[in-house]
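> Numbering (mature numbering (1 follows the signal peptide of the UniProt record, and there is no 0)), first residue to last: -19 to -1, 1 to 306.
I should point out that these hints are in silico values taken from the structure, not numbers from a laboratory.
Careful: at least some of the hints might be erroneous.
[Unchecked claim] Under the rule of at most 25 Å between Cα atoms (straight-line distance), these lysine-lysine pairs were calculated in the DSS-like manner:
| id | residue 1 | residue 2 |
| --- | --- | --- |
| 1 | 101 | 111 |
| 2 | 121 | 111 |
| 3 | 121 | 110 |
| 4 | 121 | 136 |
| 5 | 154 | 230 |
| 6 | 154 | 284 |
| 7 | 230 | 284 |
| 8 | 284 | 231 |
| 9 | 154 | 231 |
| 10 | 163 | 231 |
| 11 | 132 | 121 |
| 12 | 163 | 230 |
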Amino acid sequence: MNFILYIAVIIIYLTNIHCKNVYNIKKLSGKNNYKYNKISNNVKRLSNMNPPYYKRKDYLNIRMNKKTIQNFHTTNQNIHYKKFKNFVNKSKNKNKLYYLYIPNNDTNSIKGKKNKQNNKVLEIYFQQKKLLAQYFNNLKSSFIYKLKNTKIITKLFLSSSLLILTLNVIGLKPEDIALHSKRVLRAFEFYRIYTSALFYGDISLYVLTNIYMLYVQSNQLENILGSSEMLSYYISQISILSIICSYIKKPFYSTALLKSLLFVNCMLNPYQKANLIFGININNMYLPYLSILIDIIHAQNLKASISGLLGVQVDPYIIFSYLLI
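Could you build all of it, start to finish, from the sequences and the hints given here?
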């Protein structure tokens, strides 16, 4: 086996096969190509451009003769470059080609720039993360503060409305909680009187807005009347509206109850200005009717005004009763 290898080496030497020297390098500039014979140590230049530059990892691979190296100007004062230049000066052969490895400062600067860019990206990321954490902390503290300052009757009705909405999302059917006079009287399903006053429909932005308005109007009125009077107000309103809606066969009257809350709050301060979108200001006495008009436009049906008109028409008697007290 060794004899065969020896014969192969001898044949290669005799045929003078030229092999290209491969260093796994990337050409940076210049158009010089060289062919190198590893056995005879001969280098043949394939173009007239001088010198060629190559990049091998973090070093520049420069291949040139002694005269070119002596005239080569560089700002690099690396100790390896100095030793190599001294070695070339002592050499007698001026036409011999040498390999010079110089640290590639450009590569280091590029890496430095990339590191700086990555650091900036990380810095921006952590800043945004910190701001987001602060925002959620502020939101959490604001929610806890509002929850603590919410009156108990408002908490009861608001939590009930959210619970009914959640059950509806899970799979509760509206007909199971709708107002039905025969089932209330014959099957004693009295919960329908309460649930039909707090169900606003399938989850949507409009429904969530109504629930938020329930919280705002109810809490504002409870701060004025007190918890006991607020409970009496709810009982009287639900009783009157349930009787009327049973007669006209309307299964839900949550919108009527909400409009009644809005009407009472507005009539307590009728001439106070209410700020709307686009800088529009109107008196509080007109706000409930504007809300009814918005419901008609949203539903594109005049029947959508029935709930709002019920809430507005029932309230004057309750207002006068509380004012007399």
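> If you test the structure against every hint from before, which numbers come out violated?
When the structure is compared with the hints, none of them turns out to be violated.
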